[in-house]
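Take a look at the letters that make up each chain.
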Amino acid sequence: MTFMPSDPSASGAIRAENLCRHYVMGESVVKALDGVSLEVRTGERVALLGASGSGKSTLLHLMAGLDRPTSGTMETQGRNLADMSSEELAAHRRKTVGMIFQAFHLLPRMTLEENVELPLRLAEVPRDARPARVREALDRVGLAARASHRPGELSGGEQQRAAIARALVNRPSILLADEPTGNLDSRNGAEIMRLVGELNASLGMTVVLVTHEQKLAAGFAERMLVLADGRLASESRAGDPAAEAPR
Amino acid sequence: MKANDLLELAGRNLRESGFRNSLTTLGVAVGVASLVAMLSLGAGLQELVSARFARSGLFNTIGVFTARDMRGMERNERRTGVLQADARPLDSAARKEIGALPDVIEVYPEVRLLTDVTFQGRTLFTSVSGLSPSAKQNEAFEKMHGRFFSSPVAEEAILHVDFARDLLAPANASGDSFALPVGPRTGSAPEVTDAQLDSLLGKEIVLHYAERQEVPTPAQAKQVETKSRRAGRVAPARVAAPRAAAASGGTDGADDTVSFSVVRREEPLRIVGIIDSEPYAGITASGNSRVFLPVGLAEKLRPAMASSLRDVMQARPSGSESYSALIVRVDDPARVQPTQDALKKMGFRTFSLLDATKSLRRVFVILDLFLAIFGSVALVVASLGIVNTLVMSVLERRREIGVLKALGASDADVKRLFFVEAGVMGVAGGALGVLLGWVIGRAINFGTNIYLSQQDLPHETIVLLPLWLIGGAVAFAVLVSLLSGIYPAARAARLDPVQVLRYE
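Those sequence lines, one after another, are chains A and B. Position 204, counted from 1, in the first sequence is what my numbering calls 204; the numbers after and before it change by one each time, with no gaps. Position 289, counted from 1, in the second sequence is what my numbering calls 289; the numbers after and before it change by one each time, with no gaps.
Derived by calculation from the structure, the hints in this document are not laboratory data. Among the hints, a few may not be true.
Said to hold, decoys possible - Here are a few chain A residues that sit away from chain B, every Cβ distance over 10 Å (derived from the structure): (1) D34; (2) P119; (3) A145; (4) E191; (5) H212.
Claimed, not checked - Taking beta-carbon pairs under 8 Å as the criterion, some of the chain A residues facing chain B (in silico): (6) S28; (7) V29; (8) M84; (9) E87; (10) A90; (11) R121; (12) D128; (13) P131; (14) R135.
For every residue, glycine included, the Cβ atom is placed at its ideal position computed from N, Cα and C.
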């Protein structure tokens, strides 16, 4: 089954073709992804839904270039990630995608501004240009006043906002969010999703959200793709009555 | 990632586990200190021995001889293909030519006589040698009584303490001549005090010697004879080789070959110094003499020596006096070999103690090697400490490594980060180790000098820290640290970010 945007003329930010990711576990083979094809338009908000082990995080990691497919293609901006060297994949992660995680993954020994500066260091952004970029990113998530604080001094919601600032400081075209509200209460979760929606709207970033919360996905995404057993099982659009049904 | 960012991150990481990393760095420092202390000892001993040899004046000296030497004559002829009879003489022209060679700073003839010396009516038979001005630097003159010669032609003498003792001894020989042993004394020698030795300074001895006088033209001969009579000297004995000259195709009998008279002469010399060790460690021909006079004066006196007779026997042309040997000094022991080669090309035989220095250098290389091996053991242990610390660090920082990779760090970036951390520990440990090694060296020097003082011996620098060792030790520490970082860095770079971010 292939899930494509409703407007076929729209340029694809992400395109997967018959994507497989198999793990060999002893004598058995686990098919985390098995023949997934999809396309995500530039600036589109897409949610990947599914039960635990359905393959949604694996798909996200393949989009990020953190992992390589066993077979098939995964293209971003017209380039197949499967053909890239590890250096090229690292460059893809630095320049094209930004990632946020359920566990935030801020480095606890660094202040917020140092955490946010980290991608700029990796991208070899000139030293004198960094403070303004860091300030801008922290401003955008409303944490400029907490720049010198360490992650341990912040609430969960603030930490996730700091992680978002870190993800967008290199101005990526794709934001990949892996269960970003999983460790937050509903109020903070909603706040984070509102922030991500704003970034999508103001910066035109493509957003792929991995979640198992149907309601959260329906409130955020333009399109929802449901995975089951490593395959794309269904697709629904915002406002579609099927999308509102509890899973 | 840029180098300064890597360095900054590495520094931050090292500070985070400050205590553990400090202990590891201290381990490296102890290893380097051990290595530095060992090699400093080797360098110090080498310098001590080299300086002693340099002060002995033996290692920048070349003895030059004519190939016309009876010793090993046939062998020399076979080896060089030069017949003894055709070999180049060691005359004043050769001396001038040798003096013009690059690196040569001094050329002087070897003058040594076995003759009588009179002091306060007593005559003693002894060995007398000429000393060049450069001999002043020889360690034998470092702690002499009195002083060195005031000029190369000063009518002055320096005595060996053995001879001074004989001068001071009661006239048990009742004024008769007696022979002194040429080498070092054995058995009981009369003890003399410093004051007694100093009392000899400024006093006069008279050197008796045979002057070599070229046979002049008949008119000149008459003049010389008249002068000699006036001086109350013994009529000269004439030594000539007319037959040899005839045999060599001379046209005018004795006139064109060396012919000289031997005239008995006396030369008063003022005692200016007394030495208690032998110059040049007694190795050179002049070293084991008992009375020394400036070589310029010795030449001026024109004493008849064995080489004078050889000139006659070899029918050398008149006026071309040859030397039994010339002593050549070069500015640097390293220039001895090229100068020797040049002298050999000029047709002379040479001798130097260069081979001895080569062996010495070999001994010190082996000594240094062993000291370095023993010193490195601690550094090897320290390198295991680095491996351990960094592996622990990789395990502790799995999540951080995963995050870095997710944010765009390449495997090479991660590897470099751990290498820089290892390198920083190496630099810090190396620098601290050199400092520690220097302190140990100072302590050894201090302790040794206390012991030497107790033994009434002069202070010495046993442990020396040359610049090359400072740089080399730090570089070696960094190299060892980087090698230690290979495995942990590779392990960090291999971490799968997906696994790490999922489970950490």
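Evaluated hints:
Non-interface call for A/D34 relative to chain B: holds, since the shortest CB-CB distance, roughly 18 Å, exceeds 10 Å. Listed as a non-interface residue, A/P119 fails to keep its Cβ farther than 10 Å from every Cβ of chain B; the least gap is roughly 5 Å. The beta carbon of A/A145 sits about 24 Å from the closest Cβ of chain B, which is more than 10 Å, so the claim that it is off the interface holds. In this structure A/E191 is separated from chain B by more than 10 Å, as the shortest Cβ-Cβ distance comes to about 23 Å.
For A/H212, the non-interface assignment is confirmed: its Cβ lies about 15 Å from the closest Cβ of chain B, beyond the 10 Å cut-off. The interface hint given for A/S28 is broken, as the beta carbon of that residue sits about 18 Å from the closest beta carbon of chain B, more than 8 Å. Checking A/V29 against chain B by beta carbon gives a least distance of about 18 Å; that is not within 8 Å, so the hint is violated. Contact between A/M84 and chain B, as hinted, is not supported at the beta carbon level, the nearest pair being about 12 Å apart and thus beyond 8 Å.
Evaluation of the A/E87 hint against chain B yields a held restraint, the C-beta minimum of about 5 Å falling below 8 Å. Interface restraint check: A/A90 against chain B, minimum CB-CB distance 4 Å, threshold 8 Å, status holds. With 8 Å as the threshold, the beta carbon of A/R121 comes within range of chain B, its nearest partner Cβ sitting at about 4 Å, so the hint holds. The criterion of a C-beta within 8 Å of any C-beta in chain B is not met by A/D128, whose closest approach is roughly 13 Å, and the hint is violated.
Interface hint status for A/P131: violated, as the beta-carbon distance to the closest one in chain B is roughly 14 Å, over 8 Å. Here the hint on A/R135 is broken, as its CB sits about 19 Å from the closest CB of chain B, past 8 Å.
Violated hints, listed in ascending order, are 2, 6, 7, 8, 12, 13 and 14; each of the other numbered hints is respected by the structure.
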